[in-house]
Amino acid sequence: MAVYEHTYKPYEGKLTPAWSRFLVLPRYVYQDLFKYKLFIALFVVCYVCPLIYAVLIYLRHNTSALAAFGVTSFDIARELPIGGGFFFAFTNIQTWLAFIMTVIIGPVLISRDLANNALPLYLCRPFTRFEYIAGKMSVLLILLSLITWVPGLLLFLFNSYLEGGGWIAENWYIATAIFTLSVSWLALLALLSMAFSAWIKWRTAASAALFAILIIPTPIGFAIQGLFGTTVGHLLNPAMAFGSLAKHLFRLDWMDAFLTEGESWFVFAAYAAVCLFMLSRKVRAYEVVS
Amino acid sequence: MIQSQISNLKSEIVFEDVSKFYGEILGVNRVNLTIAPGITSLVGPNGSGKTTLMNLMTGLIQPTRGRISILGIAPSDPQALFRKVGYCGQFDSFPKGMTGYEFVKSFLSVHGLSNKEAEGKTWRAIERVDLVEAAHRKVAAYSKGMRQRIRLAQAIAHDPAVMILDEPLNGLDPMARAETIRLFRQLAQEGQHLIVSSHILHEVDKMSDRVVLINNGYILAEGGVTGVREEKMEEHPMQIMIRCDRPQEFAARVFASDSVVEATLHPDKQGLFIKTRNADAFYQLLNRVVVENGMNIESVSPVDDDLNAVYHYLIGSNGGGQS
Amino acid sequence: MNPIIELDQLRIEFGKRRILHDIKGALHGRCIGLLGPNGAGKTTLIHTLLGFHKPAAGTARIFGRDIRTEIKEIRTYAGYMPERDSFIANQTCVHFVRLMAELSGLPSEAALERAHEALFYVGLGEARYRKLGTYSLGMKQLAKLAQAIVHGPKLIFLDEPTNGLDPPARKRMLELIREVRDSGSASVVFSSHLLRDVEECCDEVLIMKDGRIAAICDLEEERRANRRFVEMETRGATPEFALAIGSLGCEYAMTGEQRVKLVMSDGLEVRDIYKLAAERNVQIRRLNYKRDSLEDIFLKAMEQ
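From first to last, the protein sequence lines are chains A, B and C.
Quick note, my numbering runs 5 ahead of the 1-based positions in the first sequence.
Quick note, my numbering runs 1156 ahead of the 1-based positions in the second sequence.
Quick note, my numbering runs 105 ahead of the 1-based positions in the third sequence.
By construction, these hints were calculated from the structure, which means they are not laboratory data.
Every residue gets a Cβ at the ideal spot worked out from N, C-alpha and C, and that includes glycine.
One thing to keep in mind: the hints can contain errors.
Said to hold, decoys possible - Here chain B is said to cover these stretches of chain C; the calculated rule only asks that three of the stretch's residues, wherever they fall, bring their Cβ under 8 Å from a Cβ of chain B:
1) 218-224
2) 239-249
3) 268-277
Unchecked claim - Here are the simulated EDC-like cross-link-like pairs (lysine to aspartate or glutamate), alpha carbons at most 16 Å apart as the crow flies:
4) A/Lys19 <-> C/Glu214
5) A/Lys14 <-> C/Glu218
6) A/Lys14 <-> C/Glu284
7) B/Lys1300 <-> C/Glu188
8) B/Lys1362 <-> C/Glu400
9) C/Lys159 <-> C/Glu118
10) C/Lys236 <-> A/Asp37
11) B/Lys1300 <-> B/Glu1323
Please work from the sequences and hints to get the whole structure.
Set out below in structure tokens:
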């Protein structure tokens, strides 16, 4: 009879390409997330709105279908203009759903690694802090993109297909707006939730902080405006920046905006920089004790 | 007769049929122990009941059943007990913002000493653990070993007669270990009781007067190290490894004797294993064989005459919650 | 033989504080002990070799690779078992070790296979499917060791691996370390305060003090060298026995009630000692040649 010895053996096989390693992190998080039926349900619910919008676009170009439902007196072309406003409404709804997802996924992304000092084990491998942050960000960015600008652009292409002619060339700014606004807002949400996750241990507190950063600056900005007559207070307000950017990018004349396009980008950039700074202080392989 | 019994009581720690349950979970069951002055080590796996036993001694918890007497004082009398008992626990936590000196002195002031007295005792304790230069630095800036030592200082500052120390050498570098063991031996010589729990068996072997082995909430053995071995391992013949230049000849010579049960040649032909039921007789035989046959002995090592062997025999690797 | 670790005037500073003072040395052993008092810079050295700190001056090389320029390659074949608790509480052990393997570059299926292999090797059975947050201290140490070896590193840094382990777990951990060392596929750097453990496993030690190297010692050589020190444990009239040894011209000392240490004088053999023992009816229960044991080496290094 042969007795097999199990000794320590080195690894001799192939290694995965270095650039793709950061994607290991989202893969692992998704495996854990999609085990929960509730989460799958939420993810599916996020597609209800795109579906409705697709139906609306279809009905807009196929009034005969409306007639089939017995609705004849409804002038859909007038009541439902498909332009900047239409796609902005869609983006708005989906980014709010994205925010809800961020509140669910974001606060534990980094706190769980910090809670028991797992960072040194990540960083003693050929894996930099940058890849760690990029990996954690992709967890949110990939998922949230799938429910915001990806369906948004698909709806845009669907509509331009049905419209035909030069519609797409005239309205290309809408596609750019959908993409740019969504991606930058998602990136900001991701950075905010990760920064809070890195600094705040308790999940509820980190979630509360996320809500706070979106809600509290608004009354403060308006108070400053009322007291001092200046819109400078709104520079603290990411939600306000979002709205102002939407107005400028989607060319929404009917909307009020308290910030210029440049100021809005500045707000986004400033918040992103602060978040990155907060992250760089916490994402380290060792604690520095003075 | 009764007088001597009472005076004995005042110098011993006595556990009489003590059990402690946490709901249905067993802490310790039917413990009978008498601990004399000197260093008594508690040895056993994690989760075996060592911490429960120590907490019972300090009065931090009360027994479910049975009686405990610490130098004649019952743990239900905390005022009197805490004057006599010092405790240094396992956990590395400190009140925020204190320096080492403040940490030790604040505990002393609880004992109702005057400021001057407290200062004096604080410095004495800090000197004993060799932390005088660091005394005025914040504890948060201490290394692991320094934190261990300042906690020790706090446990001994009020000159307790009984010191209960849970893994006191944890985190100490080799020199600090040797010095702390020296401190313990000095305190033991002064007549104090030291109850020390440790996993490092060769250190326990070196420094303890008595050892208590505990597993799964039961006391398995108690006594001086060699004493425990001789008692428990009678059924278990003693094994000795002898390295010499002519092992076959040696084997032939000793086999003829009654005291040797088994002799096995080592595969490298440079030594042999002996099993004997009568160690004294065998060793005297060894002397004679070496002298008469002119053998060259390389080394003699009893394979199981130490705490390691006893531990392995009584507890083995079944202890604790390992999977 | 090429050195495994080369330290070349390595200087590490935290702000204004200098932690490592231009240290220089070369280490060749299969199992290298790292010793020194608290604050000597051991952990800082390990962290530097793993690339967590950038040298203020000088450099170090691991298997010939410079830590300043090739740290990613170095990390590919280095493993690290930190002293402090290091885990992700709500992941199962297999999941965790597999994640670590993938981050080291192993493809997904290979990572799973090796994770199980590593866990089998360290002795974590069914428990590997439980969450790390439920683990006892000993099991957490084993999990830490598993993630340190799962990707088959060539150099494994172990910082206090036996911390908090009860005797059988300690024995098993030291056995594992010796097995890894003897497999020939990896070298180990073993940092510990327990000199016995280091003596059992290591063939070379680096002793540090105050951010400098106090000594580099080849234990194998020490063990082979001068064999004139003898240690004995006795039963019987030990003081008289010791005196008799002295009268033979040996330097001797009683290190306990029944322990004697001596230096054999020229021309003396062990059987002469036995003759004395037989004459006085003293049993020599334990006898061995003792080199400057690691403790003596360490204390000597500290005195400098």
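Within the stretch 239-249 of chain C, is the number of residues with a Cβ closer than 8 Å to a Cβ of chain B three or more?
-> holds (count 4)
*Regarding the pair A/Lys14 and C/Glu218, is the alpha-carbon distance no greater than 16 Å?*
With Cα atoms ~13 Å apart, A/Lys14 and C/Glu218 stay inside 16 Å; holds.
Just to make sure I understand the rule, a stretch counts as covered if three or more of its residues have a C-beta closer than 8 Å to a C-beta of the chain. Does the stretch 218-224 of chain C meet that for chain B? Per the Cβ count (0), the hint is violated.
Problem set entry | Holds or violated: A/Lys19 to C/Glu214, with C-alpha atoms at most 16 Å apart | 12 Å, holds
Note to self: For a C-alpha distance cap of 16 Å, please report whether C/Lys159 and C/Glu118 respect it.
What the structure shows: 9 Å, holds
Q. Is B/Lys1300 within 16 Å of B/Glu1323, Cα to Cα?
A. Satisfied, since the Cα-Cα distance of roughly 13 Å is no more than 16 Å.
- prompt: Is the Cα-Cα distance between A/Lys14 and C/Glu284 16 Å or less?
  reply: Roughly 11 Å between the alpha carbons, so the hint for A/Lys14 and C/Glu284 holds.
In terms of beta carbon proximity below 8 Å, does the stretch 268-277 of chain C have 3 or more residues touching chain B? It holds, with 9 qualifying residues against the three required.
* Given pair status - C/Glu188, B/Lys1300, alpha carbons within 16 Å -> Judged against 16 Å, a Cα distance of about 11 Å means the pair holds.
Starting from B/Lys1362, check that the Cα of C/Glu400 is at most 16 Å away, please.
The given pair, whose Cα atoms are some 14 Å apart, holds under the 16 Å limit.
Starting from C/Lys236, check that the Cα of A/Asp37 is at most 16 Å away, please. Within the cut-off at roughly 13 Å; holds.
Of the numbered hints listed earlier, the single one contradicted by the structure is hint 1.
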